[in-house]
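2 protein chains.
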Amino acid sequence: MLGLAILANNSAIPAFDRPPTAQALTVADQVFLIDCGEGTQMQIVRYKIRGSRINHIFISHLHGDHYFGLIGLITSMGLSGRSVPLHIYGPSILKKVINVHLEAASTNLPFQMYFHAHPDSFSKITEDEKVEVWCFPVQHRIPCYGFVFREKKLPRKIDADAVKLYQVPFSFFGSLQQGKDYTTTDGDIIENGLLTIKNTEGRSYAFSADTIYDPSLCEYFEGVDILYHESTYMKLDEDKATQRFHSTSEQAAMIALQCKAKRLLLGHFSSRYEDLTEMLGEATSVFENTDLALEGVTYLV
Amino acid sequence: MLGLAILANNSAIPAFDRPPTAQALTVADQVFLIDCGEGTQMQIVRYKIRGSRINHIFISHLHGDHYFGLIGLITSMGLSGRSVPLHIYGPSILKKVINVHLEAASTNLPFQMYFHAHPDSFSKITEDEKVEVWCFPVQHRIPCYGFVFREKKLPRKIDADAVKLYQVPFSFFGSLQQGKDYTTTDGDIIENGLLTIKNTEGRSYAFSADTIYDPSLCEYFEGVDILYHESTYMKLDEDKATQRFHSTSEQAAMIALQCKAKRLLLGHFSSRYEDLTEMLGEATSVFENTDLALEGVTYLV
Numbered sequence: 011m012l013g014l015a016i017l018a019n020n021s022a023i024p025a026f027d028r029p030p031t032a033q034a035l036t037v038a039d040q041v042f043l044i045d046c047g048e049g050t051q052m053q054i055v056r057y058k059i060r061g062s063r064i065n066h067i068f069i070s071h072l073h074g075d076h077y078f079g080l081i082g083l084i085t086s087m088g089l090s091g092r093s094v095p096l097h098i099y100g101p102s103i104l105k106k107v108i109n110v111h112l113e114a115a116s117t118n119l120p121f122q123m124y125f126h127a128h129p130d131s132f133s134k135i136t137e138d139e140k141v142e143v144w145c146f147p148v149q150h151r152i153p154c155y156g157f158v159f160r161e162k163k164l165p166r167k168i169d170a171d172a173v174k175l176y177q178v179p180f181s182f183f184g185s186l187q188q189g190k191d192y193t194t195t196d197g198d199i200i201e202n203g204l205l206t207i208k209n210t211e212g213r214s215y216a217f218s219a220d221t222i223y224d225p226s227l228c229e230y231f232e233g234v235d236i237l238y239h240e241s242t243y244m245k246l247d248e249d250k251a252t253q254r255f256h257s258t259s260e261q262a263a264m265i266a267l268q269c270k271a272k273r274l275l276l277g278h279f280s281s282r283y284e285d286l287t288e289m290l291g292e293a294t295s296v297f298e299n300t301d302l303a304l305e306g307v308t309y310l311v
Numbered sequence: 011m012l013g014l015a016i017l018a019n020n021s022a023i024p025a026f027d028r029p030p031t032a033q034a035l036t037v038a039d040q041v042f043l044i045d046c047g048e049g050t051q052m053q054i055v056r057y058k059i060r061g062s063r064i065n066h067i068f069i070s071h072l073h074g075d076h077y078f079g080l081i082g083l084i085t086s087m088g089l090s091g092r093s094v095p096l097h098i099y100g101p102s103i104l105k106k107v108i109n110v111h112l113e114a115a116s117t118n119l120p121f122q123m124y125f126h127a128h129p130d131s132f133s134k135i136t137e138d139e140k141v142e143v144w145c146f147p148v149q150h151r152i153p154c155y156g157f158v159f160r161e162k163k164l165p166r167k168i169d170a171d172a173v174k175l176y177q178v179p180f181s182f183f184g185s186l187q188q189g190k191d192y193t194t195t196d197g198d199i200i201e202n203g204l205l206t207i208k209n210t211e212g213r214s215y216a217f218s219a220d221t222i223y224d225p226s227l228c229e230y231f232e233g234v235d236i237l238y239h240e241s242t243y244m245k246l247d248e249d250k251a252t253q254r255f256h257s258t259s260e261q262a263a264m265i266a267l268q269c270k271a272k273r274l275l276l277g278h279f280s281s282r283y284e285d286l287t288e289m290l291g292e293a294t295s296v297f298e299n300t301d302l303a304l305e306g307v308t309y310l311v
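Residue numbers (my numbering), protein chains in the order written: chain A, 11 to 311; chain B, 11 to 311.
These are computed hints drawn from the structure, not numbers from a lab.
One or more hints might be untrue.
Copies of one chain are not kept apart here, so a pair can be met inside one copy or by any two copies together.
Said to hold, decoys possible - Here are the computed lysine to any residue pairs in the SDA-like style, where the Cα-Cα straight-line distance is at most 20 Å:
#1 K272 / L304
#2 K208 / K250
#3 K208 / L104
#4 K174 / D198
#5 K58 / E284
Computed from a predicted structure; not experimentally measured.
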């Protein structure tokens, strides 16, 4: 189970009290921060995200509404005496931007900061025992990248009655969970399927960043549990969307339909729209299980 | 008359809903922005400051709580289609920081941006018909600068009864306002003091930035109408103040007393203090006309 907290959801200029993009994805005891618009450190405090659990920050691209809050967050982590290493994933030039700021203030961070430049093509960029994170390029006005977070395949569950029946010693439970068969002392083979039960599937979340409508992206997140897709414009402004390498809510819904996502979240709303009800309607008419990514709400994946 | 709007007043890490330093000083139809901590563009909208009147931005130093909101503000001005030139005054390295951000996003601002590096010693850095702005270096951990804003000397007022009595033609009023005497057609000299009245003095505001307690600063703003002085710490933490090149509220009050300021405003509060009442008390016991610089309040100078 993953928890996706929307810290902010606006595009470009902050408006209607909607600060620009930032999301916090909780997987077990880790918080993965996705984008970091101006004011994200204040939103982290406001929505009680535990900053000490943020060890990985993923920046999709270097338009300000996606990263102008990063240097403030890093600096505040330093001032708070953080000692745990921090990993930043972003377009390669981001490293230079961070360093210029740190040099300007003669800042020595009290923690190790590792910078990972995004790869050119679909690749796994980090993993731990619980989750793996993949990165893929999307088409926007400047280099831009989306991310897929996949819980690792969960081990099979032991069938308590079956192991009792076949008298399987406890020491074999680990290999049973990995899917292996059990061989009795008499040499009989008991198939794994008789002794274990399939666990729930690992969950997955895709953040497809700022992107033009591009069905070819579906290959990266087919069958994903939640797809977050930008929805900068309404259908009325589709020309503007295409021209500026953004998408409409209807196009986001078409992608969700094509990639067989279980649920769609819309975000990155243009400051031209105050009421987002109609925008949501344009999406649900194509893909029913759609919601607006609302600031302060945590969506369970 | 000047109007000083406190947009934010905290130091270092934003806390207790107090974002870091930013002030907007209104002189006639111009708004001078002083420092620009993270979130300043949101505070400008919140407190209804007219962004189109901000043509000059003064950055005291490159600790993040004083300028991390600058690039966001500049970018948003561009996205809003600003065409009027913008002047930025700051430590020389700030120009590099801004340019790195603009290059990262391939941003072409639709307005001309002029960068003015702070001078090494007390100097006038800009002026118009109404006001002049002076800059002075202070002692902090990194290069840091304060500013004095002085309304220009107002012209003398015509004494309506006197000019009637001495039959001064209207065409001479301009030179009378400049303080010149009037010579009659008979060659008699009427002294200016008989024909005009002294106008109210031009007002002045000093922003003394982040600084260690330093009485030598007084020469830059003697007799100022309002002195804003940092007050990061309380007396209890005076050692910490000195060590970190900051001041206590009592020290700020001592400076106000020594420079014969008419009023003192305290700001840049450490996140360690939630209630600021005692801090204010420590200052008023030295210099009575002291107030906390409260977010959202406009102080008339």
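Hints, one by one, checked against the model:
Only within a single protomer do K272 and L304 lie at most 20 Å apart by alpha-carbon distance; the minimum there is 18 Å, versus 49 Å between protomers. Taking identical chains as interchangeable, the C-alpha atoms of K208 and K250 are never at most 20 Å apart, the minima being 48 Å within one chain and 60 Å between chains. Neither within a single protomer nor between protomers do K208 and L104 lie at most 20 Å apart by alpha-carbon distance, with minima of 43 Å and 58 Å respectively. Proximity of K174 and D198 under a CA criterion of 20 Å is satisfied intra-copy only: 16 Å inside one chain copy versus 126 Å between copies.
Taking the shortest Cα distances, K58 and E284 sit within 20 Å of each other only across copies (18 Å), while inside one copy they are farther apart (26 Å).
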